[in-house]
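Chemist: Let the sequences and hints guide you as you build the complete structure.
Residue numbers (UniProt numbering), protein chains in the order written: chain A, 1 to 282; chain B, 1 to 282.
Hints are computed from structural coordinates only; laboratory data are not their basis.
Careful, some of the hints might be misleading.
Said to hold, decoys possible - Non-contacting residues of chain B with respect to chain A, defined by C-beta distances greater than 12 Å in every case (computed): (1) T20; (2) E29; (3) V31; (4) T64; (5) F67; (6) D96.
As the list claims (entries may be wrong) - Keeping only pairs whose Cα atoms sit at most 27 Å apart, straight-line, the calculated BS3-like set for lysine-lysine is: (7) K203(B) x K63(A); (8) K89(B) x K25(B); (9) K166(A) x K256(B); (10) K94(B) x K166(B); (11) K163(B) x K8(B); (12) K94(B) x K196(A).
Unchecked claim - Computed spacing ranges between beta-carbons, pair by pair: (13) K32(A) x R60(B): 39 to 49 Å; (14) K256(B) x N222(A): 17 to 27 Å; (15) P22(B) x K32(A): 44 to 54 Å.
Bear in mind the structure is a predicted one, so any value in this text is a computation, not a measurement.
Even glycine gets a Cβ: it sits at the ideal position worked out from N, Cα and C.
Below, each chain spelled out in residue letters.
Protein chains: 2
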Amino acid sequence: MAKAKKDKPVILITNDDGITAPGIKALYEAVKDLGQIVIVAPDKPQSGMGHAITIGHPLRLQKTDLFPEIESYSCSGTPVDCVKLAVDKVLHRKPDLCLSGINHGPNHSINVIYSGTMSAAMEAAIESIPAVGFSLMSYSANADFSAAQHYARLVTEKMLKDKLTKHVLLNVNIPDYPLSEIKGYKICKQAYAKYKESFLERKDPSGKKYYWLTGEFINFDNARDSDVWALANSYVSVVPVEFDLTDYALKKKLEKQWKDKTDRSVKKPIKKIVKKSMRKSE
Amino acid sequence: MAKAKKDKPVILITNDDGITAPGIKALYEAVKDLGQIVIVAPDKPQSGMGHAITIGHPLRLQKTDLFPEIESYSCSGTPVDCVKLAVDKVLHRKPDLCLSGINHGPNHSINVIYSGTMSAAMEAAIESIPAVGFSLMSYSANADFSAAQHYARLVTEKMLKDKLTKHVLLNVNIPDYPLSEIKGYKICKQAYAKYKESFLERKDPSGKKYYWLTGEFINFDNARDSDVWALANSYVSVVPVEFDLTDYALKKKLEKQWKDKTDRSVKKPIKKIVKKSMRKSE
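Modeler: This is the structure:
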């Protein structure tokens, strides 16, 4: 990639719906004058890939002319692979900001865990690159991205301006309404919600069963600062996300409750340290 | 599945290395008398799949005779798919406990995010099923699982006995030493560590480039209660994990710092509530 233009932040854009999805084009159009944009996105839809990485087979990277004004690449891997490849093989540096989306469909509450959009952004955050995932609450191919674009730009401007903390990762969901019907954004927590799964069972021509994953979304969270609440009340939800998954409350509890048995499992005295050179791997 | 035998807890076992991996057999052997065991595991290795789910194509479930004493099934999907299918189509109920592993290779620190082993366990935890992922610090096909089995049994017994909290999810990593050289277990936090990626670049016979993901593990965390510290000091690490990824510290900061601009983005007055019936999707 060419050297960053003076004072122009380098912004990496990716997504999980694939490089030809309307959502990534909408995101690019919304922020293209805010920095030097480079796009590296999957060559096919990768929804539901979570934080998957490709380790069993190699990856391809293909320059595209889908965004004639800038450098853009399609990648054969997952959204997380795209971020890794972009840093190592396209940019040869860390971008100043990573934007992911705009996703076709919601990624609020528990969806943050399954979402390729958010995993790409999280991968950037792990690399100390400020990152935001944007998702529009509509699966429609003809969805109107204009309100989402407005908020994508607003949040991007704030991210470029504000020094927040070392690791900034935001999950932004935008209601599928016209801009005028959205009340603003609201800083939220991830709602406790989940899917009640039920698999559709079918039979192939040879009579063997197969299953399609379906499920009903159920919100268990009544808090007024949850993302589900915000979206249901016509706000854009902004959830700060972290990748330290330690449950510190349970840690404290276990330290007390499980402590006194900690060393009882050791059956024999610990052998001399010299034996450790015989370790197979670490 | 047959009805649970009286007083025997139902334990679901899964993994990400596939149903034929030595690690899942080792886990089964370690705990088989502690409950009524059912195994649903991927039909092929699924390492690095993170929290991926299969939504673009259907899933297959195949009864196997790999574990003659119990019911076992191989599944064409990801580790997370296995848990979902097990609950909905095999057990027709939630198991009392879900165990995942024993993984061939470490899943400490940031690996929790990429790990199929831990994602399967997390999927169970989201469903309010207490869950533990076990990983041995060795990639070797001939790894010695005996110390890992000892601790898998110990932790499983504790999980069955103790009522902890509604959502209990543990990430347990076991050093690749003989049992006698392990000092016990230690309740830990997830270390802040990451991979310094570098892709191997190669060319196919037609001269087109392709890339293999490689990387060097770097630990940035000096805390003595991190899992990396514990493992380096001959302890089994036990990290309580949560699936609420909200960064509450950043939430507090943003509520203050971004608040006063919250509603300025609204350009027009909010239209009448009646218009909301025209929403495309939610």
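Chemist: Taking the hints in turn, state whether each one holds.
Modeler: Hints, verified against the model:
Annotated as non-interface, T20(B) keeps its C-beta farther than 12 Å from every C-beta of chain A; the closest such distance is 16 Å. With a least CB separation of 18 Å from chain A, E29(B) remains clear of the 12 Å interface cut-off, as annotated. The beta carbon of V31(B) is kept farther than 12 Å from every beta carbon of chain A, the shortest such distance being approximately 15 Å. Annotated as non-interface, T64(B) keeps its C-beta farther than 12 Å from every C-beta of chain A; the closest such distance is 15 Å.
The beta carbon of F67(B) is kept farther than 12 Å from every beta carbon of chain A, the shortest such distance being approximately 21 Å. For D96(B), the shortest C-beta to C-beta distance to chain A comes to about 18 Å, beyond the 12 Å cut-off, and the non-interface label holds. Under the criterion of a C-alpha separation no larger than 27 Å, the hint pairing K203(B) with K63(A) is consistent with the structure, at around 16 Å. Simply put, K89(B) and K25(B) have alpha-carbon atoms about 23 Å apart, close enough for the 27 Å limit, and the pair holds.
Note on K166(A) and K256(B): the hinted pairing holds, with a Cα-Cα distance of about 18 Å set against a maximum of 27 Å. Straight-line distance between C-alpha atoms of K94(B) and K166(B) comes to about 14 Å, which keeps the hinted pair within the 27 Å bound. The suggested pairing of K163(B) with K8(B) holds, with an alpha-carbon distance near 16 Å, which does not exceed 27 Å. Only pairs whose Cα atoms come within 27 Å are accepted, and K94(B) paired with K196(A) is accepted, the gap being roughly 12 Å.
Taking the beta carbon of each, K32(A) and R60(B) are about 44 Å apart, inside 39 to 49 Å as hinted. Our hint of 17 to 27 Å for K256(B) and N222(A) holds, since their Cβ atoms are close to 24 Å apart. The supplied range of 44 to 54 Å is met by P22(B) and K32(A), whose beta-carbon atoms lie about 52 Å from each other.
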